[in-house]
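Asker: Listed below are the residues making up each chain.
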Amino acid sequence: MPPLCSRGIPSPRRVLVAHTYQRAARCSAAGRRFFHSNECPPTETPFGAVEDAILAAAYRHVPEHGFSQRALGLGARDAGFLDISPSVLSYSPFSLIHYHLVTQRRSLASQSRQLFDDAKLQSQAQSTLAVSLDGRLSALTWARLMANKDTIHWWQEALAVMAHPSHLPASLNELARLADEICFLAGDKSTDASWYRKRASLSVVYSTTELFMTNDKSRDFAETRRFLDRRMDEVQTLGGIAGSLGQWTGFTITAAVNVLRSKGAPI
Amino acid sequence: MAPSRRLVCAARPFYARPVCSSTARPMTTSSPASAHGTSEAAVDAGTSKKCKPLTKEQREFLSAALRVNQAGELAATLIYQAQTPVLIRRHPHLRPLMKHMYDQEAAHLDTFNNLIHKHRVRPTALYPLWSVLATGLGWSTAVMGREAAMACTEAVETEIGGHYNGQIRTLLEMVSEWEAQGHDVTLEIRDLISTLRRIRDEELEHLDHALDHDAKKAEPHWLLTNVIRAGCRGAIWVSERV
Amino acid sequence: MVARRALWSCTRSAPRPCLSFVANPCRSFSASHGRRLGPSGPTPTSNRETHFGYETVTESEKQQRVAGVFSSVAESYDKMNDLMSLGVHRLWKDYFVSSLNPGATNPIGRPQQILDVAGGTGDIAFRMLQRAHNLNGNPNVHVTISDINPSMLAVGRQRSLALPASHQSSLSFLEANAEVLPPSIKDNSLDLYTVAFGIRNFSNIPAALREAHRVLKPGGVFACLEFSKVDKFPLLNAVYKQWSFSAIPLIGQLVAADRDSYQYLVESIERFPSQEEFRDMIVDAGFAVAGEGYEDLTGGIAAIHRGIKPL
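Chains as they are written, first to last, in UniProt numbering: chain A, 1 to 267; chain B, 1 to 242; chain C, 1 to 311.
Treat the hints with care, as some may be off.
Said to hold, decoys possible - Calculated pairs, EDC-like style, for lysine to aspartate or glutamate (alpha carbon to alpha carbon, straight line, at most 20 angstroms): (1) B:Lys-56 - C:Asp-280; (2) B:Lys-56 - C:Asp-187; (3) C:Lys-217 - A:Asp-180; (4) B:Lys-118 - A:Asp-192; (5) C:Lys-217 - C:Asp-284; (6) B:Lys-56 - A:Glu-39; (7) B:Lys-118 - A:Asp-180; (8) B:Lys-118 - A:Asp-78; (9) C:Lys-232 - B:Glu-60; (10) B:Lys-56 - C:Asp-231; (11) B:Lys-118 - B:Glu-60; (12) C:Lys-232 - B:Glu-57; (13) B:Lys-118 - A:Glu-39; (14) B:Lys-56 - C:Glu-276; (15) A:Lys-189 - B:Asp-110.
Calculated directly from the structure, the hints in this document are not laboratory data.
Turn these sequences into a full structure, and let the hints steer you where they fit.
Answerer: Encoded structure:
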């Protein structure tokens, strides 16, 4: 959840024009969370060839110039396009942020393969990575956070753009997809209400940690790492409490019903 | 025979193999087939190169189908679970039947849980609501008596059977379209169709059991079954969306 | 509505609103110009059938009748757009131009050639010059306003006199049929091709799109602002339909004593393809699109379509 920084608050005029963001556009451009075929995965990428060429080239200028028109212009030139070419993208600077979000999310799958294979190789005893779901969730979340490393000095600005009303639905959608991806890659097999609980809490943890990271000056983001671990522990504790509470309620009800049955009540 | 039984006939032209009556079916369910698999392994297993990626509409349909099926099987499991203690207290001879039906439903739920995970479909957001409603329905019909409980089974399984038939029909249309265009049909879709067929047959078997156990003698039968069927349709409609 | 004789002075100080809801019975210049073919003559398919509002007519007849409509509304054009969109079209146009950001080059000051088709009154062109010259500091951006209708161009010419001299010198006018652009516009010569609230009046839209593709440089951008469909929001759609079909022709009659022209405008919007269909037409003409290829404004009452000519 990107914070509502003051920079993100737009003038009423812009809202009127740009509030018109249509769900369909971004959501289906990236493919919504629908039935995923494993044997015949969809071939389409979220970006068209021309779009991808411009964005990929512009993305290389982000560490220096931020998620900006300037980066897009330089990228377009690198890719052999004209100065005007980036204007084919709707919501120019946001499209670059969106590109970052999508490509980093998609690269998680290969990262997780590496992460957990290595973990399996060295570990057996020493690493909990291979065995515990929470350990894997934490590792993947950390991997995704580290993907922001090169652009972290632009990230507060990017969060402000993402919090703009016309971009907020797409940003939240992307956050939800990230949480889903991490849960899936970590091997979460829940198919009940906890499916939602896990993804929601992971989204909160991720976005707060991401915000913390933008102000972290410590070496190798050690402070951020500790922050993440604390949040993960909290979620685990809360989830544990919720789980126990549910179990206790179920047990009590069953016990009560059984007592009544033993007294001969026809229930 | 009850009109609901015609469900089997309605879909017959689409079958590749003849459907025999429920008596010919074994009384045990095969364990849910092959639904496990990590993402990587499953991707590597993708062998057929000529397959056609699913369109957006097809993916939407499959998501809604798996979601509603999981919710339905969850409800069925809970209905039987709630009915069983009340029923067998008064009619101990129903114990094996109830256990058999419950076990089958539990296996179905397991199958769909695995499919939901494997295909990354969002489970229904109203999971807790369906749990409460299904338990309430099972318990209250069981308290009303054996006939009412069986009428509940009759109504639910009639709706479910028709619902599965609709899904199978749509899937077969997809398959025949692919075949006409010369595309390979992926194993997962073929498996899904055969799984749905098996489960549909088992649900209709439950319907037969319910009819054999005096479901029609429930009072007032028409009211009970129609209310429950309308409720089922409503729940299906909602679960496909939420 | 001021008296007709005062219209020049009114349009000269361009966007100043000059509305009063007094019907003007002597306003009757609708048929005076306009019953003429476009400057490039008939298109090769001029006998093919197309739509004029809800009527089916031949393409050449549509050209003539559209010319009639715009000749008759040329001078109340701003007012018409204000009525159609409740004034929001000004915001749409601002957003359209700022999202295209003409003149932002690297290094600053590289020349850009822009063609604003169906831009008679200069709404888009003036905004682009303002953006390019003043905001992006690039005086080497040249905008050509093209329109098939001399009455509309006359309004634009008149208004351009109020612009700063530097803007005026970067502006030229061209009377041309967008389906057959004159040879003065060469292949692969433009950076940006814009058309705002014009393309639905074209007799042969695919031909115009192919023509746009021809004249743009590789990497050049086609951008279109047009009324579109509100299908995604049924409630807003109902209100909008009610407004456009009942209120607009009536107001047209009261304000401009010209119900038919306004009726045509409403029907032509209804006839125009949906966002997706029009996007596919753009792709068919050889353009690449990014994302969905369009962006809805105010729920889809208008939409911006963009395409880029691949390298």
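Asker: Go through the numbered hints given earlier and state which of them the structure violates, listing their numbers in rising order.
Answerer: 2, 3 and 8
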